[in-house]
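At the far end of the sequence shown sits residue 106, using my numbering, and the numbering has no gaps.
Just so you know, the hints here were simulated from the structure itself, not pulled from any lab data. Glycine included, every Cβ here is placed at the ideal spot set by N, Cα and C. Just to be clear, a hint being listed does not mean it is correct.
Said to hold, decoys possible - Have a look at the derived ranges for each label pair, beta carbon to beta carbon: (1) Pro25 / Gly70: 30 to 40 angstroms; (2) Ala26 / Gly70: 16 to 26 angstroms; (3) Gly72 / Asp24: 29 to 39 angstroms; (4) Pro85 / Gly46: 18 to 28 angstroms.
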Amino acid sequence: MARQPRTAGSAPVADPDRRDPAEVAPASAYRCGDPVWVYRYGAWRPGVVEGASVRAVMATYRCTAGRGTVVDTMSAEYVMPRGDVDAQLDAAFSAPDVELSR
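Build out the structure end to end from the sequences listed, making use of the hints.
Below is the structure:
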């Protein structure tokens with residue numbers, strides 16, 4: 005899959021509606037915990053995959069520069085693999101499971 009040229013830490017510039025369908029990974033290619041870019045509200049936002057089917061990807065993503073997150077489901081053209089680290093999202097998804105004591 006071709007990657008969009010960008011500087012480290014910057015979001016893709018591709019318009020999801022103009023992406024070459026041959027370069028869009030199918031939704032089923034994504035796995036839980038994969039770091040991704042999610043296109044929502046006119047911008048690419050860092051996210052992490054929660055789950056995927058043959059038709060759609062469900063991801064948690066940051067909705068602004070703040071700490072708030074959103075969980076949403078979208079088709080594959082609105083998702084792109086992310087190589088950059090997002091300290092907030094990636095730390096939350098890589099933290100070990102915590103077992104509550106009784």
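Structure-based check of all given hints:
The given range of 30 to 40 angstroms is respected by Pro25 and Gly70, whose C-beta atoms sit roughly 34 angstroms from each other. For the hinted restraint 16 to 26 angstroms between Ala26 and Gly70, the CB-CB distance of approximately 36 angstroms leaves it violated. Between Gly72 and Asp24 the beta carbon distance is about 32 angstroms. The supplied range of 29 to 39 angstroms therefore holds. Evaluation of the 18 to 28 angstroms hint for Pro85 and Gly46 yields a pass: the beta carbon distance comes to about 20 angstroms.
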